[in-house]
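Undergrad: Chains A and B supply the protein sequences, listed in that same order. Following the working numbering, the residues of the first sequence are numbered contiguously, the last one being 147. Following the working numbering, the residues of the second sequence are numbered contiguously, the last one being 352.
Do not take every clue at face value.
Below, a sample of chain A positions facing chain B; criterion: calculated Cβ distance under 8 angstroms [to be verified]:
1. 1
2. 3
3. 4
4. 6
5. 18
6. 20
7. 48
8. 94
9. 122
Not everything, but these chain A residues come out facing chain B in the computed CB check (under 8 angstroms) [what the hints assert, rightly or not]:
10. 19
11. 41
12. 60
13. 76
14. 85
15. 113
16. 123
17. 124
18. 125
19. 140
No lab work stands behind these hints, which were simulated from the structure alone. Glycine included, every Cβ here is placed at the ideal spot set by N, Cα and C.
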Amino acid sequence: MGQVKLAAAPARLNAVLGSCVGVALYHPRARIGALGHVVLPRSGGTGGGPAKFAESAIPYMLAQLEQRGASRTALVARIAGGACMFGTGGPLQIGDQNVAAVLAALKASGVRVVAQDTGGTKGRRVSLDCTNGELTVEIVGCPPRIL
Amino acid sequence: MPNCRPVSHTPLDVLRQLFASATHDASTAMCRWTDGLITLSLDEVREIPLGEVCDELNLSDELLTMVVLHLEGDVGGVMILTFDEENGRQLAAALLGRPVEHDDPWSILEQSALTETGNILGCAYMNALTRLIDRELVPSPPYFLQDYGASVLQQAILAQAMTSDEVLVCRTGFHRQGAELDWRVLFVPTEAMRRAMIEAIRTAR
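Here chain A stands alone, though its shape is the one from the complex:
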């Protein structure tokens, strides 16, 4: 949680998501990917590493990828997560806000979102294949979905 992982083909990057949002950025030519695990929409002045918040995670991921030679103009994004795990009546329904904040940050950075699987009330297990950029999303009781 609140972390970013980077890898090149043929590695895979994995995460388990509840209300957090998984942001997969992929450079098709360089075959380099990054998977960010965003916890909250914004910091509001509280502490934490850049990957914890949507507003700082996206610029941080772009900088990390650019350092590895993956220019932002060719990057594409796939996102998943942002569930309300405890149903709509539970506390801290922040999944939707996380999704909105991630989408806004990606738009502001000029990164195209090619697929998303967000919302609902179930957790997700995601795996980014750095060979082709596909993001496999698994939800308990459902067949896997490839974004």
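Please arrange chain B on chain A, whose structure you already have, making use of the hints.
TA: Positioned in the frame of chain A, the structure of chain B alone reads:
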């Protein structure tokens, strides 16, 4: 536990003292509910870095059966009762006086047996907390869910993640006739609850 960091000696000791007392009450209630079969013991009260909390609590992409109960309001928290499939089925079967079912989906009765267990444990913890902090706590109805353990924990620790990069968690284990079971109760207080607990114990001294 290489990444275990004390909150600071005094508050951590204070919280351990509190949760030990609450766990004792919960154990008594559980023992009664299971006809003397099951008891509880406090495993740990720890503050864990946010990025490591799922690994440290052994909650990853494993599919778990859980009962979740909230203490609502600012001074609140989340209690999660976790089982693997086998152990959850065994408890439900023992409570219902039936043989263990392995293949069928969980019946309403089995789910009800587990949620009632969550209710009994949650009430025991809540009563102990209420006595300590002298505030009314409002529990949600417990509910049954099956999902990845890490995804549920994420939502439970959000309230703390908003103000801190470390998460305070109380973990309780279960025992059947002295043997440890693969069941856990996790209690994640909100920041306001944590402050209220520490303040209440300091005042009482």
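Undergrad: Does each hint hold? Answer for all of them.
TA: Structure-based check of each hint:
no.	hint	verdict
1	1	holds (5 angstroms)
2	3	holds (5 angstroms)
3	4	violated (10 angstroms)
4	6	violated (15 angstroms)
5	18	holds (3 angstroms)
6	20	holds (5 angstroms)
7	48	holds (5 angstroms)
8	94	holds (6 angstroms)
9	122	holds (6 angstroms)
10	19	holds (5 angstroms)
11	41	violated (10 angstroms)
12	60	violated (14 angstroms)
13	76	violated (25 angstroms)
14	85	holds (4 angstroms)
15	113	violated (22 angstroms)
16	123	holds (3 angstroms)
17	124	holds (7 angstroms)
18	125	holds (5 angstroms)
19	140	holds (6 angstroms)
Of the hints listed earlier, those the structure fails to meet are numbers 3, 4, 11, 12, 13, 15, in rising order.
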